Structures are given as C-alpha cells and as structure tokens.
Amino acid sequence: MVKLSLPSAAHIVTAAFLIAVGSTRAQEQAAQINTQQDLLRRAPAAESGAGTESSVSDPSLGEIALVNRAPRPDMFTFSTSQDFRYTSNAFLVPSGERGAVFWNGRFNASYVPYATRDFTPRLTFEQNFFRYQRVSELDFDSQSLQLDLKYDLKRDDSWFVNVGYAGARLYAPHSNVDEFYRFGLANSSITHLRQLGQSPVYFAGTLGSQYRHGDPSAFDRVAGYLNTAFFYSPVEHLQLTAFARPEIQFYTNDPLDSSRKDLNLSVGASAVLTPIEYVSIGVTASFIENFSSSNPAEYEVFSPSVVIGGRIAF
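Every number in the working numbering is 10 more than the matching position in the sequence shown, counting from 1.
These are calculated hints, taken from the structure and not from any lab test.
Keep in mind that the hints are not guaranteed to be accurate.
[Stated by the list, open to error] Now the in silico label distances, taken between C-beta atoms and shown as ranges: (1) Asp267 - Arg165: 44 to 54 Å; (2) Leu163 - Asp267: 13 to 23 Å; (3) Leu266 - Gly177: 51 to 61 Å; (4) Pro265 - Gly194: 44 to 54 Å; (5) Trp169 - Pro131: 10 to 20 Å; (6) Lys271 - Asn186: 33 to 43 Å; (7) Phe324 - Pro256: 21 to 31 Å; (8) His223 - His247: 38 to 48 Å; (9) Trp113 - Leu159: 29 to 39 Å; (10) Arg165 - Asn186: 50 to 60 Å; (11) Asn186 - Leu217: 24 to 34 Å; (12) Arg127 - Glu310: 40 to 50 Å.
Model, not experiment: these values are computed from the prediction.
Backbone N, C-alpha and C define an ideal beta-carbon position, used for all residues, glycine too.
Required output: the full structure, derived from the provided sequences and hints.
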C-alpha cells in the first residue's frame, strides 16, 4: 500500500484529472473518426440504394442473393498526439489558482485480433508524458493497457455499445518513488451517431458509466456521464467540433468525506485540419467546472491547446 501524503495527493489529483481528460479526448476522437469515415462514407452509398440486398440471375440457378460485406477493421493502429497546452489552474484548487504551460506526448499502439460484422475487440497500449514549464513537481508519466469490446447494434454503425477495462500506472520522473498511483477503470457505454436532417452537421452522443479502483484508494469512485458532440466540415480536410460532457461522480473511499459527490461539467470546441490522411493539426479550448460536496475539491479550469497528431493503420 502506498502511503498518501499531501504533496502526493495533489500530484495524484492533477495526474488523474489529466488522464481522464485525455480519455475523454480519445472518446471524442473515436466519435469523430466514426462520423467522418463511417457516416460520411456511407451517406452516398445510402442514396444509391446501399444497405439492401442485391441479386443476380443465373439461367440454371435462378436468382442468387448477394451478401453485403462490411470492411474489416485495421489489425494494427499506431498513433501519436503532441499536445501543447495551457491550464489556468495547474493544481486544481478552489482559490489561488496558478497557471502553467505543459506538454503532453501521447503514444498509442492497438491490435484487433479478429472481428465479425458486429463485434470488434481491441487491445490498446498507451504511453503518456507530461512535462510542465514552471511547476516541474507536477511532471509525471503513465502507462496503460486497455481492452475494448465494441458491438454494433445497427449495421450502419449508427448505434453501438462499448465495454472495456483498463489498467494504468502513474510514475514521477523526478522522484525516488517510481510509481505513485495505479488504478483499474471499467467502462460501459452506448453511442449514437447521426446526421442532422439534410444538413452537413453530425451528432454523436454517448451515455456511459465508469468504475475506478486504485491504490491509494482515496480516489475510488463510480461515475455516470453523457458525452455530446456536434461535427461540421465547412471545407474538405477541416473539421469543427463543439462538445459538452456532464459527469456525476460518487466517491467510495474519500478519507475526508465518506459521502462525497461531485458534478463535473466540461464544454469546449476544436478545429482540426487534416492535410493528408496520416497527419492532423488542431486547436482546442475547453472549460471545466467541478462542483463537489467537499468544498476543497471544487475548481475551475480553462485550457486552450495546440495539437499535432499522426496515425497509421494497416
């Protein structure tokens, strides 16, 4: 068991917050990829009659129905994002906020061992590096391994469910104590993607729940959340996104407040340019406010950033 001191508690709160924000961004990116690559790609096909069974006629065999086949997902995916970000409240405190600039380097490798039309398992390893310009005591790295199971409720991928579990460890590069926090995160969600009428705007909504358990256990909690996002591409290769995420959290082992409940609200927008298939450049801005039954846990954060990303899959 890791002994929890005040400095390490502040470090864990900040680090866990950044990992959670990164996970949210990953979900938003996944929704964006689905929106662009699935819905937009299938829209022209739908207009030409896709989704219905076609058939050919053979004089000796009669009518033969042809089965529509969905493309197999890529087996290997490697991606990275280099996030240069400013935070207005580096220590996540209710007063006396201190701003800071930091870099988050994120590296992912995922593997899909097999897939059917409706079911896709995915195993993902992720390495993160966080480095602050003026508050190096907050520097940390993290590693995680996550299994996601995705099941399509509709063949056009407009409704699907996800069940997953991730194990993660956080460690400080400037400390004698290598690992200062480890946790497991179980997640389940249902997502809906759709075009809004005949407009060029797409909507993605995700309703989900999470259970986090870790060592130290002071940050264990059960949460329910709703992700909503709107996507619009005014010109080719440019995507504009607006998003909101309310999340209610019930802490199960807070040493200061055994019945602690938080309401975390985040809103933001982004613009992403993808000049070529494998590279993207974007700017984002988000505002997060955390309401808590435990007053020291309340905070506000404004965080703009510039992100450079790369992705290859085969």
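Results for each hint:
1. In this structure the supplied range 44 to 54 Å holds for Asp267 paired with Arg165, their Cβ-Cβ distance being about 47 Å.
2. Checked against the hint of 13 to 23 Å, the C-beta distance between Leu163 and Asp267 comes to roughly 39 Å, which is inconsistent with it.
3. Taking 51 to 61 Å as the suggested C-beta distance range, the pair Leu266 and Gly177 does not conform, at roughly 27 Å.
4. In this structure, Pro265 and Gly194 break the distance hint of 44 to 54 Å, their C-beta atoms being roughly 20 Å apart.
5. The beta-carbon spacing between Trp169 and Pro131, approximately 19 Å, falls within the hinted interval of 10 to 20 Å.
6. Evaluation of the 33 to 43 Å hint for Lys271 and Asn186 yields a pass: the beta carbon distance comes to about 36 Å.
7. With their beta carbons about 38 Å apart, Phe324 and Pro256 fall outside the hinted range of 21 to 31 Å.
8. Against the hinted window of 38 to 48 Å, the Cβ-Cβ separation of His223 and His247 comes to about 42 Å, which satisfies the hint.
9. The hinted window of 29 to 39 Å between Trp113 and Leu159 holds, with their beta carbons roughly 33 Å apart.
10. The hinted window of 50 to 60 Å between Arg165 and Asn186 holds, with their beta carbons roughly 55 Å apart.
11. A C-beta distance of roughly 43 Å is found between Asn186 and Leu217, which places it outside the suggested range of 24 to 34 Å.
12. Restraint check, Arg127 to Glu310: a C-beta distance of roughly 45 Å satisfies the suggested window 40 to 50 Å.
Hint check: violations occur at hints 2, 3, 4, 7, 11; the rest are consistent with the structure.
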